[in-house]
Amino acid sequence: MNTPITGSHKPRLAADALHSLDLKCALVGAGVRYPQEVYDAVADWARLEPPSNPYACNCLILPGEVAVHLHANENSRFALGLQNGKPMLFEEGTPVADVTFPAATNYYQQKTTAGHPFGSIAVLEGRSTLAFFYLWSCDYVKTRETCSFCFQVKAEMAGYDLPSPSYAEVAEIIRWAIENVGVQEVQLTGGTLFGSQTECRRYAELLRTIDQIVGLDKIKSELYCYITAARNPHDVDQIFEAGADRVGHDLHVWNPELHARFAPGHARHVTRAGQLRALEHIAGKFGPNKAFSAFVAGLEPLEDMLAGAEWLASRGIVPAFSVWMPTPGSVTVDSKPPGTDYYRQARREFARLYKTYNLNPPGTSAGSHVSLCRDIYRNMNAILAQ
Numbered sequence: 006m007n008t009p010i011t012g013s014h015k016p017r018l019a020a021d022a023l024h025s026l027d028l029k030c031a032l033v034g035a036g037v038r039y040p041q042e043v044y045d046a047v048a049d050w051a052r053l054e055p056p057s058n059p060y061a062c063n064c065l066i067l068p069g070e071v072a073v074h075l076h077a078n079e080n081s082r083f084a085l086g087l088q089n090g091k092p093m094l095f096e097e098g099t100p101v102a103d104v105t106f107p108a109a110t111n112y113y114q115q116k117t118t119a120g121h122p123f124g125s126i127a128v129l130e131g132r133s134t135l136a137f138f139y140l141w142s143c144d145y146v147k148t149r150e151t152c153s154f155c156f157q158v159k160a161e162m163a164g165y166d167l168p169s170p171s172y173a174e175v176a177e178i179i180r181w182a183i184e185n186v187g188v189q190e191v192q193l194t195g196g197t198l199f200g201s202q203t204e205c206r207r208y209a210e211l212l213r214t215i216d217q218i219v220g221l222d223k224i225k226s227e228l229y230c231y232i233t234a235a236r237n238p239h240d241v242d243q244i245f246e247a248g249a250d251r252v253g254h255d256l257h258v259w260n261p262e263l264h265a266r267f268a269p270g271h272a273r274h275v276t277r278a279g280q281l282r283a284l285e286h287i288a289g290k291f292g293p294n295k296a297f298s299a300f301v302a303g304l305e306p307l308e309d310m311l312a313g314a315e316w317l318a319s320r321g322i323v324p325a326f327s328v329w330m331p332t333p334g335s336v337t338v339d340s341k342p343p344g345t346d347y348y349r350q351a352r353r354e355f356a357r358l359y360k361t362y363n364l365n366p367p368g369t370s371a372g373s374h375v376s377l378c379r380d381i382y383r384n385m386n387a388i389l390a391q
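Each residue of the sequence shown is one higher than the one before, starting from 6 at the first, in this note's numbering.
These aren't lab readings, by the way, just hints derived from the structure by calculation.
Since we're looking at a predicted model, the values are computed, not measured.
For glycine and all other residues, C-beta sits at the position ideal for the given N, C-alpha and C.
Heads up, a few of these hints could be off.
To be verified - Straight-line alpha carbon distances no greater than 20 Å define the calculated SDA-like cross-link-like pairs of lysine to any residue that follow: (1) K295 <-> A247; (2) K116 <-> P168; (3) K295 <-> N386; (4) K360 <-> R383; (5) K225 <-> N294; (6) K147 <-> P168; (7) K290 <-> K225; (8) K295 <-> Y362; (9) K295 <-> Y382; (10) K91 <-> Q114; (11) K116 <-> S57; (12) K360 <-> R320.
To be verified - Listed next, with one range per pair, are the computed distances between beta-carbon atoms: (13) E42 <-> Q114: 19 to 25 Å; (14) N78 <-> T118: 33 to 39 Å; (15) L87 <-> K116: 31 to 37 Å; (16) Q217 <-> N89: 36 to 42 Å; (17) D45 <-> N78: 51 to 57 Å; (18) S319 <-> K116: 33 to 39 Å; (19) P55 <-> N363: 41 to 47 Å; (20) K147 <-> N386: 44 to 50 Å; (21) R213 <-> S319: 31 to 37 Å; (22) H239 <-> A312: 39 to 45 Å; (23) E184 <-> G292: 20 to 26 Å; (24) W50 <-> Q391: 31 to 37 Å; (25) T118 <-> E42: 35 to 41 Å.
Using the sequences and the hints, build the whole thing.
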């Protein structure tokens with residue numbers, strides 16, 4: 006998997022967004038080397054936290070406004086460097102893309118009124134996305150049935166102090182980020198609770214607090230919630246009634262056997278059938294584009310993921326996929342990420358599904374660091390014309 010992303014040809018300079026999508030898939034899987042000199046050169050104008058910051062969620066932005074998660078890997082074939090004083094991405098020593106970064110901010114120096122660092126509760130992604138990644142602990146930790154690729158759970162089990170913020174703290178962070186960073190999109194994610202009614206109620210209460218303190222109308226793009234599919238699908242209705250724009254029940258993989266391996270808690274307690282039933286309920290009651298479900302691309306054969314995406318799309322449920330990023334301690338860490346052809350075929354099929362079924366995936370330009378759904382949607386016609 007160490008061949009350049011351009012196949013048998015030498016690495017070339019990215020000239021368009023489609024090449025940037027190739028690079029995004031490769032970079033998320035391989036990581037990047039970025040030396041101190043690059044950090045020093047951009048520190049005055051770029052949002053680039055040093056790797057020593059455990060809460061940092063860095064990204065670089067490629068041509069075509071494609072945001073990419075930036076995780077340090079000293080063994081990567083990719084490296085950030087300087088060319089004529091400007092940041093450049095290199096692959097095996099050859100320049101492959103001009104890069105830039107989101108504007109500098111002191112977000113990660115802020116603390117809530119309760120004393121919690123903003124970065125321990127939510128991170129900035131791309132230019133204008135605020136993502137709350139672990140609003141409360143996951144009950145699957147108790148039964149050791151956590152999803153194998155969940156970084157937040159692994160961080161908690163390793164002893165990181167990940168606070169469960171109050172609703173008021175969440176609203177405080179959102180208000181600050183809108184006023185000082187220009188955040189336009191908010192993602193809310195909490196750990197799975199065995200009591201699905203309790204989980205849905207918490208989201209609804211949280212949304213009402215955000216509306217009271219901030220005003221949901223101040224979120225210019227959208228606010229969406231990643232939640233566990235409820236045993237009674239109607240329990241999710243209160244989340245929409247409280248103001249959510251969309252709800253996601255992530256399947257992670259479509260293959261039932263691999264689903265049980267990579268997401269044992271979901272497979273046992275929620276079940277695949279339960280997730281599909283909940284997704285269909287949202288699409289049936291609230292209409293197309295209100296429910297979405299993400300796959301972790303690369304964990305299963307491509308044909309399995311595409312079969313799942315077709316099933317969802319044909320029912321008005323937005324299929325999305327994120328690039329798989331192997332993490333230390335994961336059962337997948339020793340596996341090889343798929344090659345460029347896998348991702349190219351996947352993005353073409355997802356583009357076809359978005360166009361065929363008139364689906365509009367969540368996200369903003371230069372938004373999510375690892376999801377490709379909005380990147381695909383923005384470049385849909387160019388992808389289908391290839």
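Hints, one by one, checked against the model:
Annotation: proposed proximity of K295 to A247 holds, straight-line Cα distance about 14 Å (limit 20 Å). Between K116 and P168 the alpha-carbon distance is near 12 Å, which keeps this suggested pair within the 20 Å criterion. For a cut-off of 20 Å, the pair hint linking K295 to N386 is broken: about 23 Å separates their Cα positions. Restraint check for K360 and R383: the C-alpha separation of about 11 Å stays at or below 20 Å, so the hint holds.
For the proposed pair K225 and N294, the alpha carbon gap of about 18 Å is at most 20 Å, so the pair holds. For the hint pairing K147 with P168, the CA-to-CA distance comes to about 17 Å; that is within 20 Å, so the pair holds. Annotation: proposed proximity of K290 to K225 is violated, straight-line Cα distance about 24 Å (limit 20 Å). Restraint check: the Cα-Cα separation between K295 and Y362 comes to about 13 Å, which is no more than 20 Å; the hinted pair holds.
Distance check on the hinted pair: K295 and Y382 sit about 16 Å apart at the alpha-carbon level, within 20 Å; holds. Note on K91 and Q114: the hinted pairing is violated, with a Cα-Cα distance of about 26 Å set against a maximum of 20 Å. Distance check on the hinted pair: K116 and S57 sit about 18 Å apart at the alpha-carbon level, within 20 Å; holds. Annotation: proposed proximity of K360 to R320 holds, straight-line Cα distance about 14 Å (limit 20 Å).
Hint check: E42 to Q114, Cβ distance near 23 Å, so the stated range 19 to 25 Å holds. The beta-carbon spacing between N78 and T118, approximately 37 Å, falls within the hinted interval of 33 to 39 Å. With their beta carbons about 33 Å apart, L87 and K116 fall inside the hinted range of 31 to 37 Å. Under the hint 36 to 42 Å, the C-beta atoms of Q217 and N89, about 51 Å apart, miss the expected range.
At about 20 Å, the beta-carbon gap between D45 and N78 misses the expected band of 51 to 57 Å. Our hint of 33 to 39 Å for S319 and K116 is violated, since their Cβ atoms are close to 47 Å apart. P55 and N363 have their C-beta atoms about 44 Å apart, which keeps the hinted 41 to 47 Å range intact. Under the hint 44 to 50 Å, the C-beta atoms of K147 and N386, about 48 Å apart, fit the expected range.
Our hint of 31 to 37 Å for R213 and S319 holds, since their Cβ atoms are close to 34 Å apart. Range check, H239 to A312: about 28 Å between beta-carbon atoms, so the 39 to 45 Å window is missed. Checked against the given bound of 20 to 26 Å, the beta carbons of E184 and G292, roughly 32 Å apart, lie outside it. Taking 31 to 37 Å as the suggested C-beta distance range, the pair W50 and Q391 conforms, at roughly 35 Å.
In this structure the supplied range 35 to 41 Å holds for T118 paired with E42, their Cβ-Cβ distance being about 38 Å.
Violation of the numbered hints given earlier is confined to hints 3, 7, 10, 16, 17, 18, 22, 23; the remaining hints are satisfied by the structure.
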